[in-house]
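Using the sequences and the accompanying hints, generate a full structural model.
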Amino acid sequence: RKEVEQDPGPFNVPEGATVAFNCTYSNSASQSFFWYRQDCRKEPKLLMSVYSSGNEDGRFTAQLNRASQYISLLIRDSKLSDSATYLCVVIKLGGTSYGKLTFGQGTILTVHP
Amino acid sequence: GAVVSQHPSRVICKSGTSVKIECRSLDFQATTMFWYRQFPKKSLMLMATSNEGSKATYEQGVEKDKFLINHASLTLSTLTVTSAHPEDSSFYICSATTLLTGLYGYTFGSGTRLTVV
Chain A
1 RKEVEQDPGP FNVPEGATVA FNCTYSNSAS QSFFWYRQDC RKEPKLLMSV
51 YSSGNEDGRF TAQLNRASQY ISLLIRDSKL SDSATYLCVV IKLGGTSYGK
101 LTFGQGTILT VHP
Chain B
1 GAVVSQHPSR VICKSGTSVK IECRSLDFQA TTMFWYRQFP KKSLMLMATS
51 NEGSKATYEQ GVEKDKFLIN HASLTLSTLT VTSAHPEDSS FYICSATTLL
101 TGLYGYTFGS GTRLTVV
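Chain order of the listed sequences is A and B. Using my numbering, you'd call the opening residue of the first sequence number 1 and step up by one each time. Using my numbering, you'd call the opening residue of the second sequence number 1 and step up by one each time.
Don't read these hints as lab results, they were simulated from the structure. Watch out, some of these pointers could steer you wrong.
[As the list claims (entries may be wrong)] If you only want the chain A side, here are some residues facing chain B, beta carbon under 8 angstroms, derived:
1. Glu5
2. Gly99
3. Gly104
4. Gly106
Note that this is a predicted model, so its numbers are computed, not measured. Beta carbons: idealized from backbone N, C-alpha and C, even for Gly.
Structure representation (structure tokens):
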């Protein structure tokens, strides 16, 4: 089983739609969680951290459920510029893996006019 | 904000030659550098972790003699792909962080697209 699993999509949605991505992780010792965005042939860029209490940044809402080992990202009012690959990222701190990022395979989103 | 400069952005080399990729942290001291590779439509796979002044720790299945990593200073880490073959063609990305002030955050280089012909 992969450490971090995502639905690869692709998700094709019209502008203005709401879309949700899911991610599960297998290592219960994981401590920090993030969503990154990667545009084609570019490096990943941090979109937002994910907290158990849930956090929102404009049109983006992230949620973490530690009991289910499940992370979600909700995008409201999709824009054309939201088209990208969204990467779920998990960090397990401590030991020899201090600070190592583990990436999911990414979910491809295409927003069309 | 923190910036990591990665060079070259794109390189084409012949089979059997070696290619060096550099990552420099421009405004912070990178105590730890992570090197990833990414195949088309796949996620980033960690190759190795290097701490300044120490030998790199390689992930399972990554040949340390083929992918030489040097992290001799707090602002520079290099990855050398030795005796490159077409199957080494990939997108290589570095990511730097500093532990000097706690977990600082991860800054990615812009990536190097390697094509071996």
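We went through each hint and held it up to the structure:
With a cut of 8 angstroms, the hint placing Glu5 (chain A) at the interface with chain B is violated, because the nearest CB-to-CB distance is about 10 angstroms. Given hint, Gly99 (chain A) at the interface with chain B, holds; its Cβ is 6 angstroms from that chain's nearest Cβ, closer than 8 angstroms. The closest approach between the C-beta of Gly104 (chain A) and any C-beta of chain B is roughly 6 angstroms, which is under the 8 angstroms cut-off, so the hint is satisfied. Interface restraint check for Gly106 (chain A): the shortest CB-CB distance to chain B comes to about 5 angstroms, inside 8 angstroms, so the restraint holds.
In this structure, the one hint that does not hold is number 1.
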